[in-house]
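Novice: The primary structure of each chain is shown beneath.
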Amino acid sequence: MSGLAGIDPIAVAAALIVASTPILLAAIGELVAERAGVLNLGVEGMMILGAVVGFAAAVATGDVWLGLLAAAAGGAALAALFALLVLGLLANQVATGLALTMFGLGLSALIGQGYIGVRPPPAGRLDLPGLTDLPVAGRLLFAHDVLVYAGLALVAGVWAFLRYTRAGLILRAVGESHDAAHALGFGVRRVRAAAVVFGGACAGLGGAHLSLVRVPQWTEGMTAGAGWIALALVVFASWRPWRVLLGAWLFGGIAVLQLNLQAAGVKIPVEYLAMSPYVVTIVVLVIISADRTRAALNAPAALGRPFHAAG
Amino acid sequence: MIRLERRPAPSAFWTAGTPVLAVALTMVAGGVMFAMLGKDPVATIRTIFWDPLFSPQYAAFSRPQLLVKAGPLILIATGLALGFRAGIWNIGAEGQYIVGAICGAAVGLAFYPLGGWYIFPLMVLAGGLGGWAWAMIPALLKVRFGTSEILVSLMLVYVAEKIVAAMAVGRLRNPEASGFPGSRNLARYPAASNPELIPGTGLHWGVVAAFLAVAVIWLVLARHRLGFQARLAGLAPRAARFAGVSPGRLTLACMGLSGALAGLAGLFEVAGPAGQIRIDFGSGYGFTAIIVAFLGRLHPAGILLAGFLMALTYIGGEIAQFVIGLPAAAIQAFQGMLLFFLLGLDLAANYRLRLGRRAAA
Chain A
1 MSGLAGIDPI
11 AVAAALIVAS
21 TPILLAAIGE
31 LVAERAGVLN
41 LGVEGMMILG
51 AVVGFAAAVA
61 TGDVWLGLLA
71 AAAGGAALAA
81 LFALLVLGLL
91 ANQVATGLAL
101 TMFGLGLSAL
111 IGQGYIGVRP
121 PPAGRLDLPG
131 LTDLPVAGRL
141 LFAHDVLVYA
151 GLALVAGVWA
161 FLRYTRAGLI
171 LRAVGESHDA
181 AHALGFGVRR
191 VRAAAVVFGG
201 ACAGLGGAHL
211 SLVRVPQWTE
221 GMTAGAGWIA
231 LALVVFASWR
241 PWRVLLGAWL
251 FGGIAVLQLN
261 LQAAGVKIPV
271 EYLAMSPYVV
281 TIVVLVIISA
291 DRTRAALNAP
301 AALGRPFHAA
311 G
Chain B
1 MIRLERRPAP
11 SAFWTAGTPV
21 LAVALTMVAG
31 GVMFAMLGKD
41 PVATIRTIFW
51 DPLFSPQYAA
61 FSRPQLLVKA
71 GPLILIATGL
81 ALGFRAGIWN
91 IGAEGQYIVG
101 AICGAAVGLA
111 FYPLGGWYIF
121 PLMVLAGGLG
131 GWAWAMIPAL
141 LKVRFGTSEI
151 LVSLMLVYVA
161 EKIVAAMAVG
171 RLRNPEASGF
181 PGSRNLARYP
191 AASNPELIPG
201 TGLHWGVVAA
211 FLAVAVIWLV
221 LARHRLGFQA
231 RLAGLAPRAA
241 RFAGVSPGRL
251 TLACMGLSGA
261 LAGLAGLFEV
271 AGPAGQIRID
281 FGSGYGFTAI
291 IVAFLGRLHP
301 AGILLAGFLM
311 ALTYIGGEIA
321 QFVIGLPAAA
331 IQAFQGMLLF
341 FLLGLDLAAN
351 YRLRLGRRAA
361 A
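Protein chains in written order, with the working numbering: chain A, 1 to 311; chain B, 1 to 361.
In isolation and in its complexed conformation, chain A is listed as follows (with noise of 0.2 Å):
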């Protein structure tokens, strides 16, 4: 195929990390809130509120760190909504996530409707003098916008908050046990809570990556389904934040690469191409679930389950 010779790999690979940012951000925090036990499926709803609320909050105000600070913030506002009737009302959690989602893509194309089509204020790349200019790594690594290196860094901090801090265990203990967590006097819902919106902040800042750095523009239902490739991330990397880390650069390499084979005018319909981050994430899920016992010790015991503090 001659269209392939036209791609260059390390503008791929650059391009590859940009991507992977979005569902970085989710899944991250996506992990942190089923490590606390909580299923939230509403990822897709608090990253496109995030996208909108930060799209909108950066044109106001032209500036791209209010945007992102919005941005964090409405997913953040959306996530507390579902930690009010999850643990709060003991509502349904599957259905809970899902309603979000609804809400969620409901409200954002009402905020957005008078923002299709209007240009953000330019997000700053950090160049740093001396590493940008290097030949291969300069682009590769050092040539990308904030939240790119927010990523990288939340994945490091989360990782490290959840081995080494006394914060970190109770959060695991919560979403073990958390009968047993609440025997030895943790608060479970407070810890719950605080876990699901920090999710949601980190959702919300996911959203504005694509509106604001990667697309940028503001196109109603612009996630696409981002929100549940978080999701599964989440499955995929086994619960653990490195591995969302390596899960997110296999997402965002087929993302890239089948925009790539569009562009180079490969002989397969667009159709098939852009469906291919959808089939692979299916296949990514059946082989880590294939392994029944690994995915079983994973997974936090308590995740899903209604926390009712009885008598």
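The hints are simulated quantities; they were obtained by calculation from the structure and are not laboratory data. One thing to keep in mind: the hints can contain errors.
[Stated by the list, open to error] To spell it out: a stretch of chain A is covered by chain B in this simulated footprint if at least three of its residues, at any positions, have a beta carbon under 8 Å from a beta carbon of chain B; those stretches are:
1) 91-98
2) 279-287
[Claimed, not checked] Pulled a few chain A residues facing chain B out of the computed Cβ check, cut under 8 Å:
3) Ile10
4) Leu85
5) Phe103
6) Leu110
7) Met275
8) Ala290
[What the hints assert, rightly or not] Some chain B residues well away from chain A (every beta-carbon gap over 12 Å; in silico):
9) Ser11
10) Pro41
11) Ser55
12) Pro64
13) Leu109
14) Leu122
15) Glu161
16) Ala215
17) Val220
18) Arg225
19) Arg241
20) Phe287
21) Leu305
22) Asn350
Computed from a predicted structure; not experimentally measured. Even glycine gets a Cβ: it sits at the ideal position worked out from N, Cα and C.
Dock chain B against chain A, hints included.
Specialist: Chain B only, in chain A's frame:
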């Protein structure tokens, strides 16, 4: 201090009462949202819930639409309800709906331009089988590998959306449409069309199928082993295993049934109201049906009512869009809000609120 006390059994009063209360609260919250959009809240609510049925200006057009919109919602939601009761989450009904439509339309188009009484029944069969097969993918993966049926069925919605787009510009494109995307119009091909059965009512075969599904699923839930097993598995999975319920077989049955019904809904839609396979054939019925299933308390009779109510919000939303310029997305947010209130109020059915100090044990 307020305490929650789990009820030994869900309160019958609140089980029936929460949907009504949820609808009322959604109207209030929705009114606030409409006011924030600069619309008169009372007038907007009246336009959505009253005008489609009783306005002299619009009712003649919009009343038949009620059955057209409620049909697929009810058909899909009754199928979903059985699985949801068993804790089997098929949230990819939208994909099964699309694949059912593609398969059914493909069979019909294959016979074009022949006539014959057997063509439409064959299409119905193909539509149901298509939806069933699409639902079997997550079902088999769940049973064989333990893969989450939630994520797989949802991913398959996106895949189905790409397939229908590929079909509309590829294999199923109308060869006489000079390159425009979209298939031949099945509504104009008598042997393959799903016409309005009684003029002016909106009744088509899909609505008939929806009513039948309500009756059959009601019977299954109340009298059949499958319904009993689904309810048991949902309430007490371990007890269900001891009672000999095979989780695998139950998953296959529930997913298959809901997939087939969603596929049928897609077929009746493509052969009737929609008429053709288009790039954007998926219209969100599969997702709204999830709200319908919950609003109807996962019970066929409730789903029947909920389907009509949700259809009303669709039609009323369109009128509000046209008359007072309410954005289409406002209705989507409104529907999402309804599900929130519903799920939150479920607390009242399952728990008792106790004021004051804890009684001695």
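Novice: So which of the earlier hints does this model not fit?
Specialist: The structure breaks hints 3, 15, 20 and 22; every other hint is satisfied.
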